[in-house]
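Participant: Okay, here's what each chain looks like letter by letter:
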Amino acid sequence: MQQITTEGNQERMQRLVAVRPRLISFARLQLRDLARAEDAVQEAIEAAIEKDDTFAGRSGYETWVFGILKYKILDSLRAQRREGWWQPLDEELDEAAIDRQFQKNGRWDQEARPSDWGDPETTLHSERFWKIFDLCMTALPDTAARVFSLRELMGLSTEDICRETGLKQNNCWVILHRARLRLRACIERDWLAEEA
Amino acid sequence: MFKMMMCKEATHLMSKRLDVPLTFQEKLSLKVHLAMCSYCTQCNQQFSLLHETGKQYEKLIERDIVTLSSGSGDSR
Ligand SMILES: [Zn+2]
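Protein chains in written order, with my numbering: chain A, 1 to 196; chain B, 1001 to 1076.
Simulated from the structure, these hints should not be mistaken for laboratory data. Glycine is no exception: its CB is placed at the ideal position from the N, C-alpha and C atoms. Check each hint, because a few of them may be wrong.
Which residues of chain B face chain A? A few of them, derived with a C-beta cut under 7 Å, are [stated by the list, open to error]: (1) HIS1012; (2) LYS1016; (3) ASP1019; (4) LEU1022; (5) THR1023; (6) PHE1024; (7) GLU1026; (8) MET1036; (9) CYS1043; (10) GLN1046; (11) PHE1047; (12) LEU1050; (13) GLU1062.
Negatives, chain B to chain A, calculated, CB over 12 Å [said to hold, decoys possible]: (14) MET1005; (15) GLN1025; (16) LYS1027; (17) VAL1032; (18) GLY1054.
Derived Cβ-Cβ restraints for the label pairs, each shown as a range [claimed, not checked]: (19) B:GLU1062 / A:ASP119: 43 to 53 Å; (20) B:LEU1034 / A:TYR71: 31 to 41 Å; (21) B:LEU1028 / A:ALA35: 41 to 51 Å; (22) B:LEU1034 / A:LYS104: 16 to 26 Å; (23) A:LEU34 / B:MET1036: 42 to 52 Å; (24) A:ALA35 / B:LEU1034: 23 to 33 Å; (25) A:ASP109 / B:LEU1034: 43 to 53 Å.
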């Protein structure tokens, strides 16, 4: 009896150790700070162990831990706001970066015209894509990266994002539009450059 | 008659579409523009791909485990 529990625990620890790096990079995209990301992951892992002391090697365990992590990330985000570490800005000064992608008449600028990234399934399974995604997320302005991440990585609705950030919904859409345009330009440059 | 929409405005709708349902008029304008503009069609696919990143992250986390167990000899 005792032995089974120990084996279960060992397997659980192994699995947690294996996902930890990926969890940290996920949290860092949202929290924009490695130390805070590590703290959030640590808290999530501790909470997972505490809640599930009869771990039976079930599948979907990591997804469950990931779900806990999302709550911890939101907690940490709220703390960042309380401490004045992050002040959501309605007006980000990156209009110029967007305008550069278009001509005055609203058509794509020749240099910025979107190209084919290849099969989406293959792209999303490429470790190189995730490296580029990470770099481009880090290069985004603070508010743009956080709002994008809340929407696309954490899966919050824009309504919930407004509640979390104090931004107006209209501004949320503007920020998301700009963030997506900047991200696509950044990813395209690196993704196609190395492949060529 | 509606006015021809330009690419910049089209990307605005492609983005908004991922956050909130478009009105009938918006859907129609976007559809017409996409039918005629290959660059915006690419951009639309890229936005959709970015929209998948959250779900894909979850799958990557599961895959980390598959890698781990295949290393130790298990099938899964
Ligand atoms: Zn267009």
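Participant: Each hint needs a verdict: does it hold in this structure or not?
Facilitator: Comparing the hints with the structure gives:
no.	hint	result
1	HIS1012	holds (5 Å)
2	LYS1016	holds (6 Å)
3	ASP1019	holds (5 Å)
4	LEU1022	violated (12 Å)
5	THR1023	violated (14 Å)
6	PHE1024	violated (19 Å)
7	GLU1026	violated (12 Å)
8	MET1036	violated (12 Å)
9	CYS1043	holds (4 Å)
10	GLN1046	holds (5 Å)
11	PHE1047	holds (5 Å)
12	LEU1050	holds (6 Å)
13	GLU1062	holds (6 Å)
14	MET1005	violated (8 Å)
15	GLN1025	holds (17 Å)
16	LYS1027	holds (16 Å)
17	VAL1032	holds (15 Å)
18	GLY1054	violated (5 Å)
19	B:GLU1062 / A:ASP119: 43 to 53 Å	violated (21 Å)
20	B:LEU1034 / A:TYR71: 31 to 41 Å	holds (38 Å)
21	B:LEU1028 / A:ALA35: 41 to 51 Å	holds (49 Å)
22	B:LEU1034 / A:LYS104: 16 to 26 Å	holds (22 Å)
23	A:LEU34 / B:MET1036: 42 to 52 Å	holds (46 Å)
24	A:ALA35 / B:LEU1034: 23 to 33 Å	violated (44 Å)
25	A:ASP109 / B:LEU1034: 43 to 53 Å	violated (19 Å)
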